[in-house]
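Chain G: place on chain R using the hints.
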Amino acid sequence: MTIQTNTGKDCARAWEIMPWVLQTTAAPEQREWLMHHLAQCEACSGEFAQQSRLRCALSLPTDIPVDAERGLKRLLERLDAPEPYATPVRRWSSGNRLTRALAAAVVLQAIGIGALGVRLWSDQAPRYRTLSQPALLEPAGALRVVPATGMKLADWNKLLHELGLRVIDGPNGVGAYAVVPIEPASSSASALRRLRADRDIRLAEPVDNTP
Amino acid sequence: MNESTSDVDSRDRILLQRMAAGDRAALETLYRAYHGVLCRFLSRLTRRADLIEEIANDCFWIAWRKAGSFHGDSRVSTWIMGIAYRCGLKALRQRGDEPVDDYALHEGRGPSHDPDEDRELRDWLGEGLKHLSADQRIVVELVYGVGNSLEEVAAIMQAPVGTVKARLFHARIKLRNVLPILAGDPPAQRENRS
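Residue numbers (this note's numbering), protein chains in the order written: chain R, 1 to 211; chain G, 1 to 194.
Looking at chain R on its own, in the form it has when it is part of the complex (with noise of 0.2 Å):
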């Protein structure tokens, strides 16, 4: 159809309005302008004429038999059937697959949890400790030193800066600190001997020493 310049908002809206009007749903205004339109324009007229056809084309009853008695006797018997056959919802619907999606990446969450709590479990033991804890096994050449309770703590700093000693363990119970030479090669004997020289340490041994 050849839509012509001067004729094109007729045809545009004769086009528009050719569905309804075959549908009868249209305004009997509009029908008898397109009644009109179609006097007067062939190309329009023809394709009336197919719109006509094609509605009549699907007017027709389906071409593919479905008996309607043994569907409507399936779908009664599938009322009476218990529930996990009655539901239509027998399969993957696409808000399941998104809930099975998410139930599954939850799963692998929970998985990957375990698995690093597993492997932390059995990894050695944690690179740092606190004070408070129970007392490790001291490295040999650390010493057992009780300072004095009215040392200040700076001085306990500057004597262990001075000594070249760090605090690995303590206070235990009795107010002890194990320290041990913050250089490995060094001699802690001689550590122990300005210690026990010093007035404001009470006790200071080895701890290889300690019963």
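Bear in mind the hints are in silico, worked out from the structure with no lab data behind them.
Keep in mind that a hint or two might mislead.
Subject to a maximum C-alpha distance of 25 Å in a straight line, what follows is the list of computed SDA-like cross-link-like pairs (lysine to any residue) [as the list claims (entries may be wrong)]: (1) Lys130(G) - Ile64(R); (2) Lys66(G) - Arg78(R); (3) Lys158(R) - Glu183(R); (4) Lys73(R) - Lys174(G); (5) Lys130(G) - His170(G); (6) Lys9(R) - His170(G); (7) Lys9(R) - Lys165(G); (8) Lys66(G) - Val8(G); (9) Lys9(R) - Val161(G); (10) Lys90(G) - Arg100(R); (11) Lys73(R) - Ala33(G); (12) Lys90(G) - Leu98(R); (13) Lys174(G) - Asp10(R); (14) Lys90(G) - Ile62(G); (15) Lys152(R) - Gly175(R); (16) Lys9(R) - Leu168(G); (17) Lys9(R) - Gln40(R); (18) Lys9(R) - Val8(G); (19) Lys174(G) - Phe48(R); (20) Lys165(G) - Leu22(R); (21) Lys66(G) - Thr99(R); (22) Lys130(G) - Glu47(R); (23) Lys130(G) - Arg78(R); (24) Lys174(G) - Glu42(R); (25) Lys90(G) - Pro82(R); (26) Lys130(G) - Pro65(R); (27) Lys174(G) - Lys158(R); (28) Lys174(G) - Arg100(R); (29) Lys165(G) - His37(R); (30) Lys90(G) - Ala43(R); (31) Lys73(R) - Gln17(G); (32) Lys90(G) - Ile64(R); (33) Lys165(G) - Trp15(R); (34) Lys73(R) - Cys56(R); (35) Lys9(R) - Ala33(G); (36) Lys174(G) - Cys41(R); (37) Lys165(G) - Trp20(R); (38) Lys73(R) - Ser133(G); (39) Lys152(R) - Leu102(R).
Then chain G, alone, in the frame of chain R:
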């Protein structure tokens, strides 16, 4: 809506009320009343008779269960066709099928007692519909076959009215270009409207 459509809808609403109360006779009446139009509608999605019957039964199974929740926002027929459309798409998805896109593959199954004129018209239609997408076939069926408005088609397909309008437009353009040739008319100079 004309008078007869209104009468039909009033009848259907009463049937739904009876179904909601557990009246199976009402279900049987509604089933028989809609079976033909429903099967023709579903045949635009699939050409398998067993699948059409299954989808139709899924549709009425849901209608039976949900009859009490029908609030009358639309015509009963629109409500039922919407359920059938969704059941159809779901059934095809579950089988990994797509709505039939090659209409010609499934043609030629008409009953032998089909009058010649109807057969010719059916063949003509089948040749035209094979050029449309499934969504376009559904829109054409609902507008020309069932007689739904654009708003009703939008409600059935759960799509914006503009989308439905576009589908109808493109379907008509394709059919306009194809059907006259099938009818033996000389091809004319055609142009798309916008």
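For this session: For the pair we were handed, Lys130(G) and Glu47(R), check the Cα-Cα distance against 25 Å.
Result: 20 Å, holds
For this session: For the pair we were handed, Lys165(G) and His37(R), check the Cα-Cα distance against 25 Å.
Result: 23 Å, holds
Exercise. Regarding the pair Lys90(G) and Ile62(G), is the alpha-carbon distance no greater than 25 Å?
Worked result: 13 Å, holds
Exercise. Taking 25 Å as the top limit, are the C-alpha atoms of Lys130(G) and Pro65(R) close enough?
Worked result: 20 Å, holds
For this session: Sort out whether Val8(G) lies within 25 Å of Lys66(G), counting only the CA atoms.
Result: Holds. Lys66(G) to Val8(G) sits at ~20 Å (cutoff 25 Å).
For this session: Mind checking the alpha carbons of Lys130(G) and His170(G) for me, to see if they're no more than 25 Å apart?
Result: Answer holds: Lys130(G) to His170(G) is near 14 Å, not above 25 Å.
Exercise. Given the hinted pair Lys90(G) and Leu98(R), is their alpha-carbon gap at most 25 Å?
Worked result: 14 Å, holds
Problem set entry | Given pair status - Leu102(R), Lys152(R), alpha carbons within 25 Å | 61 Å, violated
Exercise. Quick one, are Lys130(G) and Ile64(R) close enough, alpha carbons at most 25 Å?
Worked result: The given pair, whose Cα atoms are some 16 Å apart, holds under the 25 Å limit.
Exercise. Is the Cα-Cα distance between Lys165(G) and Leu22(R) 25 Å or less?
Worked result: Since the Cα atoms of Lys165(G) and Leu22(R) sit roughly 17 Å apart, the hinted pair holds (cutoff 25 Å).
Problem set entry | Proposed proximity, Gly175(R) with Lys152(R) (alpha carbon, max 25 Å) | 14 Å, holds
For this session: Below or equal to 25 Å on CA atoms is what counts here, so check Lys9(R) against Gln40(R).
Result: Status holds; Cα separation ~14 Å.
Hint violations for this structure: numbers 4, 18, 23, 27, 28, 30, 34, 35, 38 and 39, all remaining hints satisfied.
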